[in-house]
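Visitor: Now for the letters of each chain:
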Amino acid sequence: MKGSVLDAEGIRKSVARIAHEIVERNRNNGRLCVVGIRTRGDHLARRLAKILQEITGSPVPVGALDITLYRDDLSRLEASPVVHATEIPFDVSGCRIIVVDDVLFTGRTVRAAMDALADLGRPEAVELAVLVDRGHRELPIKPDYVGKNLPTAKEDLVQVRLTESDGLDEVVIEARAA
Amino acid sequence: MTHWTRKDLLGLEELTKEELELLLQQAEAFKEVSLRPIKKVPALRGRTVALCFLEPSTRTRASFELAAKRLSADILSFQGASSSIVKGESVLDTARNIEAMRVDVLVLRHNTSGVAAAVARGVRCSVVNAGDGSHEHPTQGLVDLYTIREKKGRIEGLNVVIVGDILHSRVARSDLWGLTKMGAKVTLCGPPTLVPIVMENLGARISYRLEEALEGADVVIALRLQLERQQEQYIPSFREYTRLYGIDRAKLERAKPDLIVMHPGPVNRGLELSPEVADGPQSVILDQVTNGIAVRMAALYLVSGAHQGQATELPEPSPQGVRA
Chain A
37 MKGSVLDAEG IRKSVARIAH EIVERNRNNG RLCVVGIRTR GDHLARRLAK
87 ILQEITGSPV PVGALDITLY RDDLSRLEAS PVVHATEIPF DVSGCRIIVV
137 DDVLFTGRTV RAAMDALADL GRPEAVELAV LVDRGHRELP IKPDYVGKNL
187 PTAKEDLVQV RLTESDGLDE VVIEARAA
Chain B
261 MTHWTRKDLL GLEELTKEEL ELLLQQAEAF KEVSLRPIKK VPALRGRTVA
311 LCFLEPSTRT RASFELAAKR LSADILSFQG ASSSIVKGES VLDTARNIEA
361 MRVDVLVLRH NTSGVAAAVA RGVRCSVVNA GDGSHEHPTQ GLVDLYTIRE
411 KKGRIEGLNV VIVGDILHSR VARSDLWGLT KMGAKVTLCG PPTLVPIVME
461 NLGARISYRL EEALEGADVV IALRLQLERQ QEQYIPSFRE YTRLYGIDRA
511 KLERAKPDLI VMHPGPVNRG LELSPEVADG PQSVILDQVT NGIAVRMAAL
561 YLVSGAHQGQ ATELPEPSPQ GVRA
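Those sequence lines, one after another, are chains A and B.
Counting in our numbering, the first sequence runs from 37 upward without gaps.
Counting in our numbering, the second sequence runs from 261 upward without gaps.
Extracted from the complex, chain B is given alone in its bound form (with noise of 0.2 Å):
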């Protein structure tokens, strides 16, 4: 069994399959601590888990929260809002100022792609990507495999198609990487606009038809349609984007009736998927929830034991930093 060497957790691109093999196996372990009537084990205790989301999310960090609780850390929660980045502070400082409160894992997400790439370099301690810009987001991306591998029973030689904003999204991204390393078949699918024609490079099929692109899949993933993003540049109107790549009852007849849906949310209702398939038998989006937390405990534990010894970069100044 490979063991984790890494101190950080920046995205599924430059990992190994037998390193995405480690997390869903030690997340299929952690699992079963969340259903005990005592929800919590000792093993980070006395460690810090700063949780510093510059950008809104209530799902993710939740689900980080938990799980870090779940492994008795200690948790230090900024938001974007309320924190120094406001006033100006470059998110590296801000990094290094968590860093020398002694945090041992800083779990970072921003809008703008490399910044967790960045602050880890400038710091020793542990940074896990909560996602960044249109970059990765790649507990999610584990997530997913997970829940497929749960639900199929394997990942190898699925068809996967992933439908929406391929563009902006970094679930997307990550998905792609981890599901093609573990032998599945990604197929894109969405408005010309939104999904970019070069991804074929990265092992994808693209279909701009979602009932063609839907015909043999064993898991369909729909993405949010970022309304705060201004899509509709992207796309003529809402009301077109789901009458072509909408998922409802009459796309899903055609494709395998054990298809799975999933969705990393929150899911905008009657828009990428119609209420009644988001609540259907074939959704597993709750699913995809309740694992988030398995996984993000087996990323944080992983990682928080990895960053003892290990060398770092050291710190280069950079006169203004990257800024928020």
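Excised from the complex, chain A in its bound form (with noise of 0.2 Å):
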């Protein structure tokens, strides 16, 4: 079984809202920047970070955040999983960060990228931003903003397709038979 979550314009809603509600909470809060894990929280957040900017009428820097060394299942896996470049063209001490990713789940890539952003610097505060939040979280973390909260089972696949890398924009549900 097949369902659509979110359509392109549900994405770009979305965004925008969450571009909107992290102005409002981090106004006059220092330097604001946008991490995003690779590779689809990347593409949302050079979006997100694109609206800010309309926003705020001032840059704001984004990076892409690659988190394969810091998995915590990386020895129980048959084969190393390939390792893309982190890319954080400012220094990330002293900003505060909004780490984006496409859907928080077990709560387990998120952990890693903020062991990731530690070995890069000190932020002076990370805040997190996901599209879709499908809950079952195994680690006690919780996201500052949130496009859709998504009620499902643990088995469903929830998969978030965007035009830079997939050709279109769309969430969808495919619920797996148990």
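Rather than coming from a laboratory, the hints here were simulated on the basis of the structure.
Treat the hints with care, as some may be off.
To be verified - Okay, the calculated beta carbon distance ranges per label pair:
{"id": "1", "chain 1": "A", "residue 1": "57", "chain 2": "B", "residue 2": "416", "range": "42 to 50 Å"}
{"id": "2", "chain 1": "A", "residue 1": "204", "chain 2": "B", "residue 2": "529", "range": "54 to 62 Å"}
{"id": "3", "chain 1": "A", "residue 1": "158", "chain 2": "B", "residue 2": "362", "range": "41 to 49 Å"}
{"id": "4", "chain 1": "A", "residue 1": "130", "chain 2": "B", "residue 2": "414", "range": "34 to 42 Å"}
{"id": "5", "chain 1": "B", "residue 1": "277", "chain 2": "A", "residue 2": "154", "range": "31 to 39 Å"}
{"id": "6", "chain 1": "B", "residue 1": "381", "chain 2": "A", "residue 2": "114", "range": "52 to 60 Å"}
{"id": "7", "chain 1": "A", "residue 1": "126", "chain 2": "B", "residue 2": "472", "range": "49 to 57 Å"}
{"id": "8", "chain 1": "A", "residue 1": "86", "chain 2": "B", "residue 2": "298", "range": "37 to 45 Å"}
{"id": "9", "chain 1": "A", "residue 1": "52", "chain 2": "B", "residue 2": "298", "range": "56 to 64 Å"}
{"id": "10", "chain 1": "A", "residue 1": "112", "chain 2": "B", "residue 2": "353", "range": "27 to 35 Å"}
To be verified - If we take Cβ atoms under 7 Å as the criterion, some of the chain B residues that face chain A in the derived model are:
{"id": "11", "residue": "263"}
{"id": "12", "residue": "286"}
{"id": "13", "residue": "289"}
Glycine residues also receive a C-beta, built at the ideal position from the N, C-alpha and C atoms.
Combine the two chains into a complex, taking the hints into account.
Guide: This is the structure we're talking about:
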């Protein structure tokens, strides 16, 4: 079974709303930077930064974080997953960083991202923005900005497709036969 | 994207172009780690890497050691003179003993061709060949590929000259395998006694005149004359070698202005490279050293992920093993 969660317009609106919430909460709050978790969080981060820039009128630095080397299941995998470059072209120390990912699920990716950020410097604060929160956390992690809360079964597959990597914008849920 | 499935990295000969691409692409991702203030990632936390250098080496060992440390692995270091090899233990026995201490990756250098492959067949842990006799030195070959691509933007279609003692050079062999697979045109150059004509069969052009070889070349890799191996038997004199095959400014004048000069180190200054070339603007020798760490991080990361659940040939009992 398959169902649509967000269409292109839904994604656009969610990202725009998150941007406004970020600005609201971080008014007069220091240097704002956006860091996306590769690969789809990276695309969303770029979109978010663009809107933030339009709202605030000042440039918002964007970076991309690859968390592969910080995964907690590396020693349990059959083959080493491919590592992509981390590209954060600014000093994270003293920044207010918005970490962006497409789907928040177990929270393990976000845990890895926070460890990776800590190795790059000492941000003033880190907040988390996700397009979809599908629940089933395995770690004490809570998003600050959510595009859509989506109740799911643990076996369900939530797929985010973005124009930059997949040719179209949509979020779909695929229920797996138990 | 292909995944890495090999337990070991023994040479570039057996790798596909896709595997070479994967190694280079992973090295690219790892290069950034060494530019951070905190030069460490937790990828190999809890793993142990044994550095077993049964032949003298400073730079390769240091490079592997830093690569392993920047991946958070623990390191065990063996060197020829202080190990039981001098007491007559076979290399395979040594390797099995190291493995029995639950080591995950064994980095091995040995002066005999084929030792790394023989050891890899006899142990379950991953083996990375850090140079075996005159056979292969895969990570140096990868460093050269990586550095060429970094400086030139590509490898395919480039003219690469390797000059010097091709006969004894494992770097030349790894370079030749890697470069030809990636689509470069390779010319081997040196005195006839040191350039085996049979290597034409591996897809290289042979030249005995450096000036001629350098015409139209994009890259020249000078090899070290291994003075400790008494190579004067192969050449009339070092002075003649330098006159004919040493790279100096005069010889470079006729080459392309954007030719890059490489050397696996350590350089015999004034012998294969004149000091003004070794330190000149065309030299990328220190970039090779820097890139060595990223390339070795990629190699250690990929092999240590692949060895789990991978079937290994059972060790065959051999009465004498492989002697050091």
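Visitor: Mind listing which of the numbered hints don't hold for this structure, in increasing order?
Guide: 3, 6, 8, 9
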